[in-house]
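Novice: Here the protein sequences line up with chains A and B, keeping their order.
For the first sequence, the positions run 5 to 351 when the numbering used here is used.
For the second sequence, the positions run 5 to 351 when the numbering used here is used.
Just to be clear, a hint being listed does not mean it is correct.
Note that the list lumps identical chains together, so a pair holds whenever it fits in one copy or between two copies.
Taking lysine to any residue pairs in the SDA-like style, the calculated list, with each CA pair at most 20 Å apart, reads [unchecked claim]:
# : residue 1 : residue 2
1 : LYS256    : LEU25
2 : LYS268    : ILE333
3 : LYS146    : GLY68
4 : LYS268    : ASN314
5 : LYS31     : LYS256
6 : LYS224    : ASN314
7 : LYS146    : MET74
8 : LYS256    : GLY21
9 : LYS146    : SER111
Because the hints were derived from the structure by calculation, they are not lab data.
The lines below spell out each chain.
Protein chains: 2
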Amino acid sequence: MAFDIMENQRTEISSLGEFGLIDHLTKNNETRNVSTVLSVGDDAAVIDHFGRQTVITTDLLVEGIHFDLMYTPLKHLGYKSVVVNISDIYAMNATPTQIVVSIAISSRFSVEALNEFYEGIYAACEKYGIDLVGGDTTSSNKGFVISITAMGEVVPNNYVKRSGAQKNDLVCVSGELGGAFLGLTILEREKKIFEQTGAQPDLEGQAYIVGRLLKPEARKDIIEFFAEQEILPTSMMDISDGLSSEMLHICKQSNVGCLLYEDKLPVNEEAKQFAYKLEFDPTACALSGGEDYELLFTISQPDYEKIGQNSAITIIGYITEPGEGKNIITRGGSKYELVAQGWNHIK
Amino acid sequence: MAFDIMENQRTEISSLGEFGLIDHLTKNNETRNVSTVLSVGDDAAVIDHFGRQTVITTDLLVEGIHFDLMYTPLKHLGYKSVVVNISDIYAMNATPTQIVVSIAISSRFSVEALNEFYEGIYAACEKYGIDLVGGDTTSSNKGFVISITAMGEVVPNNYVKRSGAQKNDLVCVSGELGGAFLGLTILEREKKIFEQTGAQPDLEGQAYIVGRLLKPEARKDIIEFFAEQEILPTSMMDISDGLSSEMLHICKQSNVGCLLYEDKLPVNEEAKQFAYKLEFDPTACALSGGEDYELLFTISQPDYEKIGQNSAITIIGYITEPGEGKNIITRGGSKYELVAQGWNHIK
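Construct the complete structure from the given sequences, taking the supplied hints into account.
Specialist: Below is the structure:
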């Protein structure tokens, strides 16, 4: 946890110049995919997906809106910026292969600080087997802006949209929900205490939820499991805004309803205990807390047994007729309408 | 020319919400390419270049660094943001097919202002036959940030890198140089006068240079001419930083020298007259002024006659052995070393 950017050495970015900076940041860049025909160093990169379809997605992250450098180490920020992006590629049932990374930075950042950020970028590239093939590096008057576009490949017409869910399909999620929101809550709380009293943060026993926020992973394993088991979900998306919001997107785009069960929602035990301590409802955290980067998907009933083999997947409900609405059955047996409330509502 | 953003009606962006805003901005979005298998509205877009290679490039534009909204109409800004990007695709000898557009905006911008910006984006998409297939829309605390990633397609291994120039190849440029720099100069001058005295800008007779800065075009026609004539340049890049800087990139990446001729540099007559008025050297404007978005390329000598058929192409010199250096012969017959000086040096 870095409450400020530690720097033993400070090299001004201006000392390298734009092209020097790009050379410096890409000098150890490795290529892992045969599809990367031409990488960094020209007007554009060249990709050959050899008969596969190309999938493309992009995200823009702005300091003060999407991340707070007071409690986000730059290496984690680099790693997470990549993960957030390729999570969208996996959500199409595709395999990420290349990224381009653009940043705008003020003179507040040193070369050493950028090195840390790019260490995170390269660590994610290595972990997920993707190539950094281009980008843009520019100055900003204030703040740090990160734009990443990720490309991937998919067997022709094997991609999974949000709009294919059908009545009686099972609704599934990977992993556990609500942790990232609780991690954000504790970091924001400790930041306030630090600002008011100068006290160092107390994150004792909160490694899980803090890690969920600062170093999320994308569900490569789930896509690989689908391929091995020959499962083609009927719809899928990744959970960035919260389960409720994403479920409503799938229902809207598929023109169906859904019924979820509160007691099926996968919430980590540590997260649950922390939620109780804050007097938050763990179910609300799972439904409306965002940034978990788990996959939400629907499968047709014949795939039920295959799905059961994977302990990282939980069936949380099923798809209904559009007229039946989008609902959740609580532990007490009451039925409530799903609403996309966003994070602020929980607090 | 808009010295401020004129708004008869003001709709707050917050009144639409994030998803409402995206729907609003993409509701008339057309698809022009069969390669666009899936467009806006899912986690990612899907592209099928049907056996062609995919080319990808990205640019990040920051208010106050790359553009000044005091004299840049938002529609022009949207158009130029696309052109700047696809110019890099053409510079690979490829055809642009899709873009993704991300923006970060503060609450200073209304829905009407964004409409103008997107009108420019869509106008460029129509003109160049490309599809807007995705993006990200987020808030910023201050300023306007635009990130565009463009994709294109090229016949396998027909792309042109910066590194293929060989001894005796002819050095060519499209169009005319230095105009955008002079346009920027007059706009910056009139902005200062406006700030100091409130006087309205005097751009009488300066439509050409102002247009070169605010509404540049990418050289689609040159790439089409290459295809018709079966010309494959040995190296190519687009001129964004200035002819000298780009020529030095080609020489470095091709490991060659070059000899250019001052009297061959194509400079528009109106631009020349304006340069004299400011006591600028038109040659310096052509060599070091950026943002012309013309193509700089080399061809082998057997293509000399074919090139002669296109009046938009000028031969400005030739490639030499690396030991001979990178030089320019002036009108007076003196030889000077080419240096990448950037815009500030001219003033």
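Novice: Confirm or reject each hint.
Specialist: Hint-by-hint comparison with the structure:
For the homomeric pair LYS256 and LEU25, the shortest alpha-carbon distance between copies (17 Å) is at most 20 Å, but the shortest distance inside one copy (46 Å) is not. Taking the closest pair of Cα atoms, LYS268 and ILE333 come within 20 Å of each other only inside a single copy of the chain (10 Å); across copies the shortest separation is 78 Å, beyond that limit. When the C-alpha separation of LYS146 and GLY68 is checked against a cutoff of 20 Å, the pair qualifies both within a copy, at 11 Å, and between copies, at 10 Å. For the identical chains of this complex, LYS268 and ASN314 are intra-copy neighbours only, at 16 Å inside a copy versus 69 Å across copies, given an alpha-carbon limit of 20 Å.
For the homomeric pair LYS31 and LYS256, the shortest alpha-carbon distance between copies (17 Å) is at most 20 Å, but the shortest distance inside one copy (46 Å) is not. Within a single copy, LYS224 and ASN314 get their C-alpha atoms as close as 14 Å, which meets the 20 Å cut-off; across copies the closest is 51 Å, which misses it. In this homomeric assembly, LYS146 and MET74 come within 20 Å of each other (Cα to Cα) both inside a single copy, at 15 Å, and across copies, at 19 Å. Proximity of LYS256 to GLY21 under the C-alpha cut-off of 20 Å is restricted to the inter-copy arrangement: shortest distance 17 Å between copies versus 49 Å within a copy.
In this assembly of identical chains, LYS146 and SER111 lie within 20 Å of each other by CA distance both inside one copy and across copies; the values are 8 Å within and 17 Å between.
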